[in-house]
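Each chain, written out:
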Amino acid sequence: MSVFQSRLLSLSIVLPFVLIWMAAFYGFINFKNYANSIKNSPDGKSLSKLANGLAVLAIGMPFSSILSSLVNFLERMSKESIPPFTIATNYISICIAVLGFTLIAAGASGLLKIVKTKAGFSQQALVWILLLSIGGVYIYLTLTNPIRQNPSPVTGKATYFLPDWLIVITIIIPYLYVWYSGLKAAINLNSYQKNVKGLIYKNALKLLTIGIASVIFSSVFLQFFTALSSGLLNWGLTQLLVLIYVLLIIIAAGYVFIALGAKKLKKFEEV
Amino acid sequence: MNAVEQQNLYEEVLKVTTEYLGPAAERFIGRQIQNHLNKPPEELNKEDIAKLADWAKVAIALLTEDSNMVDDFTKSLLELGNGNDK
Numbered sequence: 265m266s267v268f269q270s271r272l273l274s275l276s277i278v279l280p281f282v283l284i285w286m287a288a289f290y291g292f293i294n295f296k297n298y299a300n301s302i303k304n305s306p307d308g309k310s311l312s313k314l315a316n317g318l319a320v321l322a323i324g325m326p327f328s329s330i331l332s333s334l335v336n337f338l339e340r341m342s343k344e345s346i347p348p349f350t351i352a353t354n355y356i357s358i359c360i361a362v363l364g365f366t367l368i369a370a371g372a373s374g375l376l377k378i379v380k381t382k383a384g385f386s387q388q389a390l391v392w393i394l395l396l397s398i399g400g401v402y403i404y405l406t407l408t409n410p411i412r413q414n415p416s417p418v419t420g421k422a423t424y425f426l427p428d429w430l431i432v433i434t435i436i437i438p439y440l441y442v443w444y445s446g447l448k449a450a451i452n453l454n455s456y457q458k459n460v461k462g463l464i465y466k467n468a469l470k471l472l473t474i475g476i477a478s479v480i481f482s483s484v485f486l487q488f489f490t491a492l493s494s495g496l497l498n499w500g501l502t503q504l505l506v507l508i509y510v511l512l513i514i515i516a517a518g519y520v521f522i523a524l525g526a527k528k529l530k531k532f533e534e535v
Numbered sequence: 051m052n053a054v055e056q057q058n059l060y061e062e063v064l065k066v067t068t069e070y071l072g073p074a075a076e077r078f079i080g081r082q083i084q085n086h087l088n089k090p091p092e093e094l095n096k097e098d099i100a101k102l103a104d105w106a107k108v109a110i111a112l113l114t115e116d117s118n119m120v121d122d123f124t125k126s127l128l129e130l131g132n133g134n135d136k
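Chains as they are written, first to last, in the working numbering: chain A, 265 to 535; chain B, 51 to 136.
What the hints contain is simulated information worked out from the structure, not anything from laboratory work. Each residue gets a CB set at the ideal place from its N, CA and C atoms; glycine is no exception. One or more hints might be untrue.
Keeping only pairs whose Cα atoms sit at most 27 Å apart, straight-line, the calculated DSS-like set for lysine-lysine is [what the hints assert, rightly or not]:
1) Lys89(B) / Lys470(A)
2) Lys470(A) / Lys527(A)
3) Lys313(A) / Lys303(A)
4) Lys527(A) / Lys96(B)
5) Lys309(A) / Lys125(B)
6) Lys530(A) / Lys125(B)
7) Lys309(A) / Lys65(B)
8) Lys89(B) / Lys380(A)
9) Lys125(B) / Lys303(A)
10) Lys382(A) / Lys101(B)
11) Lys96(B) / Lys530(A)
12) Lys421(A) / Lys107(B)
13) Lys296(A) / Lys527(A)
In silico contact screen, one side only, chain A against chain B (beta carbon under 7 Å); selected entries [unchecked claim]:
14) Lys309
15) Leu426
16) Pro427
17) Asp428
18) Leu430
19) Val460
Sample of chain A residues with no beta-carbon within 10 Å of chain B, all distances over it, derived [unchecked claim]:
20) Ile378
21) Leu463
22) Val535
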């Protein structure tokens, strides 16, 4: 690949990311404004937690990307810094995901308590089935990743630079918790949306529920992408770009729905 | 109307509004009463219902494109002012 092609590839990845960050900020800001306007109401407190969780994810996305770019730059200057920087950036990403999804799950759980109901058994079972199947594949792919501890001869980087037991405790388990929290939040929000009173209110919530579910699932796909990184080294550039753009479109769509839902809910407090 | 009857009427209005606006109902109807009737919600009386219904209809129409829903809501409110309390 020529320098020009490399720059063009970078730009084609950076620009959609910037658009997604803008959509995420727009969605979070609108939602936070709405939650603040009703913070003394029973639903306001839970919606505020939900908004804060979205804020952590929205701010975490550009933060992680900028941090990764900075680390990549620094690593070129000193190969010895690659392992600690890799570990640090992985852990920062995990902390952001754990904090964000913990808040989202707490908010969703609080909303469900308002309507005094629980997610249906079939929905809860679906969460566990999804978690076990996705988690199982993720654990297998992560622990069989040939470059999880030792660097790749091509890139000089390993995915984690950690022993397996630390990968399990500090990477795999937190991400399984994140996915469980996210999936649980999605079904709790779905149950809240279905059981809450208010024919018009429900419609506005629908957009929000779809948006958050999209963001949750796209996060899962991104983790799979990381776990599959060793396999993707053998992929062509086209397949790699298609995978990246599919993930980006899912993320963007999710935040657009969150923004639209937030705007609709905000109108309820303005008319 | 005495205070108890006013409170009952307000609760009936709230109940009707909750069917359409859910958790946002109390804030919505409180705003309509305070901003357009210039009184606290607990002083709502039957003579106010017609005017409240007019303002609420305009506001609800901004939240949904379903005109049938808007009409149903308005009709339910007006019934409370006609003495058809549930």
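Here is what the structure says about each hint:
Of the supplied pair hints, the one linking Lys89(B) and Lys470(A) is violated, its CA atoms being roughly 34 Å apart against a limit of 27 Å. The straight-line distance between the Cα atoms of Lys470(A) and Lys527(A) is roughly 13 Å, inside the 27 Å bound, and the hint therefore holds. With a CA separation close to 10 Å, the supplied pair Lys313(A) and Lys303(A) stays within the 27 Å bound. Between Lys527(A) and Lys96(B) the alpha-carbon distance is near 34 Å, which puts this suggested pair outside the 27 Å criterion.
Of the supplied pair hints, the one linking Lys309(A) and Lys125(B) is violated, its CA atoms being roughly 33 Å apart against a limit of 27 Å. At most 27 Å may separate the alpha-carbon atoms for a hinted pair to count; Lys530(A) and Lys125(B) meet this at roughly 26 Å. Distance restraint check for Lys309(A) and Lys65(B): the Cα-Cα separation of roughly 22 Å lies within the 27 Å cut-off, and the hinted pair is therefore satisfied. About 33 Å separates the Cα atoms of Lys89(B) and Lys380(A), which puts this hinted pair outside 27 Å; it is violated.
Between Lys125(B) and Lys303(A), the direct Cα distance comes to roughly 31 Å. Violation of the 27 Å bound is thereby established for this hinted pair. Only pairs whose Cα atoms come within 27 Å are accepted, and Lys382(A) paired with Lys101(B) is rejected, the gap being roughly 40 Å. Between Lys96(B) and Lys530(A) the CA atoms are separated by roughly 30 Å; this puts the pair beyond 27 Å, and the hint is violated. Note on Lys421(A) and Lys107(B): the hinted pairing is violated, with a Cα-Cα distance of about 63 Å set against a maximum of 27 Å.
As the CA atoms of Lys296(A) and Lys527(A) are separated by approximately 11 Å, the hinted pair is consistent with the 27 Å bound. Interface restraint check: Lys309(A) against chain B, minimum CB-CB distance 12 Å, threshold 7 Å, status violated. Because the smallest distance between the Cβ of Leu426(A) and any Cβ of chain B comes to about 46 Å, over 7 Å, the interface hint for this residue is violated. Using the Cβ-Cβ criterion of 7 Å, the hint placing Pro427(A) at the interface with chain B is not satisfied: the shortest such distance is roughly 49 Å.
Violation of the interface hint for Asp428(A) is found here, the shortest Cβ-Cβ separation to chain B being roughly 48 Å, above the 7 Å cut-off. Among the interface hints, the one on Leu430(A) is violated; its C-beta lies about 45 Å from the nearest C-beta in chain B, farther than the 7 Å criterion. Residue-level restraint check for Val460(A) holds (minimum Cβ-Cβ distance to chain B is 5 Å; threshold 7 Å). Look at Ile378(A): its CB is around 7 Å from the nearest CB on chain B, not clear of 10 Å, so calling it non-interface is violated.
The Cβ of Leu463(A) does not lie farther than 10 Å from every Cβ of chain B; its closest approach is about 5 Å, which violates its non-interface assignment. With a least CB separation of 4 Å from chain B, Val535(A) falls inside the 10 Å interface cut-off, contrary to its annotation.
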